[in-house]
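Q: Here's the letter readout for the chains.
Protein chains: 2
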Amino acid sequence: MSKKADGKGDDQGREVRSSRPLRADAQRNMDALLEAALAVFATSGVDAPVREIAAKAGVGVGTVYRRFPQRSDLIAAVFRHEVDACADAASVLAAEYAPDEALALWMQRYADFIATKRGLATALHSGNPAYNTLPTYFDQRLRPALQALLDAAASVGEVRTDIEPDDLLRAVASLCMSAHDDRTDYVRRMVALLVDGLRYTTNPSVNMPS
Amino acid sequence: MSKKADGKGDDQGREVRSSRPLRADAQRNMDALLEAALAVFATSGVDAPVREIAAKAGVGVGTVYRRFPQRSDLIAAVFRHEVDACADAASVLAAEYAPDEALALWMQRYADFIATKRGLATALHSGNPAYNTLPTYFDQRLRPALQALLDAAASVGEVRTDIEPDDLLRAVASLCMSAHDDRTDYVRRMVALLVDGLRYTTNPSVNMPS
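Chains as they are written, first to last, in the numbering used here: chain A, -2 to 207; chain B, -2 to 207.
If you're looking for bench data, these hints aren't it; they were derived computationally from the structure. Any given hint could be a false lead.
In this list, chains with the same sequence are indistinguishable; a pair is considered to hold if it fits within one copy or across any two.
Said to hold, decoys possible - With a Cα cut of at most 20 Å, we get these calculated SDA-like pairs of lysine to any residue:
id : residue 1 : residue 2
1  : Lys53     : Ala29
2  : Lys114    : Asp85
3  : Lys114    : Met174
4  : Lys114    : Ala149
5  : Lys53     : Ala92
6  : Lys114    : Ala145
7  : Lys114    : Ser175
8  : Lys114    : Ala151
9  : Lys114    : Ser152
10 : Lys53     : Arg106
11 : Lys53     : Ala170
12 : Lys114    : Gly154
13 : Lys53     : Ala33
14 : Lys53     : Asp182
15 : Lys114    : Thr158
Since the structure is predicted, the reported quantities are computational estimates derived from the model, not experimental observations.
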């Protein structure tokens, strides 16, 4: 990646994938801005005033408008930033936990991300062309992240190999989308049950008809 | 049930739960009518002409109007009939299969029912007071049916005991509701994965962190 050629590296992979790479300090400001925007969107909606977002991020209003001339640019960037953070979490978890545990933790992390996405869903489904590439971005980042976790757990015999990442990504999204705000425990239980289902047939001593 | 007091019994539990029980022959006509209505609703929508439904059921149009003065009465009866058939399938499966297999088969049967329900969903969510009691009916019939299957499988150590039927009913409904028509295999795979998750922790030799 050309970004690393400046010798500053990146901030744990949390760079924004845009055509023009940012310096490390600019990247930190960008991260702060996108995280502030996400938090403000969650409490005040995606039409919240720019000055509220700028204040929370500790930057000037002009900085926000310069980086994101349109509201849709900011919303799309927040979404990509959340996708990146979720995808990048896979390798972090894989480095710290046993393969099936990393998989289980990441599935919950992904469910948390989908809960975030719910707040953006109305905007994302508005038909604005600024959002057209986001579903592809979502797939391209999250499918390989989950596939790597599945492969690692399967390679040590901890999970089965006959389930596709697309099915799991979709199933967890379905569980989250239908959940009411007061039932996050339900989502956690059902995501854990799916992961246990992945673990199940790896033990040949278990009797399993059909 | 007072219905059985007439000595004719019922048709494998597929009676319509209404205030006024039917004779066995009338019950068969009613079953045919409700099944015809379900099929016609699926192909022509819930506003399909009554004559089409009557013709398919082999009854007169007058019979349909006499039993169901309002369209909403017919839609509600079709829904209850499908709920009954799904609930009654639990004891049939329990008699024929091993407990965990009966559970697995019923979960797929329930998913098929939800796919049916999707066609009725717009009508059911229209706010018409004729449908107000249907969610309660759904819970009262399906929750104990699933609980009995879970209890039977747990009693022989085939499934875990820490998952509530309400969670499973809701999770399968979520998976079905988000499925496109061309992806029924996806639903079957994910429902099977949930059931395998129920089976998973019954084997203490399997390593399970968290």
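Q: For each hint, tell me whether it holds in the structure or not.
A: Okay, the hints, checked on the actual structure:
1. For the identical chains of this complex, Lys53 and Ala29 are intra-copy neighbours only, at 9 Å inside a copy versus 64 Å across copies, given an alpha-carbon limit of 20 Å.
2. In this assembly of identical chains, Lys114 and Asp85 lie within 20 Å of each other by CA distance solely inside one copy; the values are 17 Å within and 39 Å between copies.
3. In this homomeric assembly, Lys114 and Met174 come within 20 Å of each other (Cα to Cα) both inside a single copy, at 9 Å, and across copies, at 19 Å.
4. Taking the shortest alpha-carbon separations for Lys114 and Ala149, neither the intra-copy value of 27 Å nor the inter-copy value of 39 Å comes in at or below 20 Å.
5. For the identical chains of this complex, Lys53 and Ala92 are neighbours neither inside a copy (33 Å) nor across copies (63 Å), given an alpha-carbon limit of 20 Å.
6. Taking the shortest Cα distances, Lys114 and Ala145 never come within 20 Å of each other, neither inside one copy (23 Å) nor across copies (37 Å).
7. Taking identical chains as interchangeable, the C-alpha atoms of Lys114 and Ser175 lie at most 20 Å apart whether they share a chain (13 Å) or sit on different chains (16 Å).
8. Taking the shortest alpha-carbon separations for Lys114 and Ala151, neither the intra-copy value of 29 Å nor the inter-copy value of 37 Å comes in at or below 20 Å.
9. Neither within a single protomer nor between protomers do Lys114 and Ser152 lie at most 20 Å apart by alpha-carbon distance, with minima of 32 Å and 41 Å respectively.
10. Proximity of Lys53 and Arg106 under a CA criterion of 20 Å is satisfied in neither setting, with 25 Å inside one chain copy and 51 Å between copies.
11. In this assembly of identical chains, the alpha carbons of Lys53 and Ala170 never lie at most 20 Å apart, being 29 Å within a copy and 40 Å across copies at closest.
12. Proximity of Lys114 and Gly154 under a CA criterion of 20 Å is satisfied in neither setting, with 33 Å inside one chain copy and 39 Å between copies.
13. Proximity of Lys53 and Ala33 under a CA criterion of 20 Å is satisfied intra-copy only: 6 Å inside one chain copy versus 61 Å between copies.
14. In this assembly of identical chains, the alpha carbons of Lys53 and Asp182 never lie at most 20 Å apart, being 30 Å within a copy and 46 Å across copies at closest.
15. With identical chains, the CA atoms of Lys114 and Thr158 are never at most 20 Å apart, being 29 Å at best within one copy and 33 Å at best between copies.
Of the numbered hints listed earlier, those contradicted by the structure are 4, 5, 6, 8, 9, 10, 11, 12, 14 and 15.
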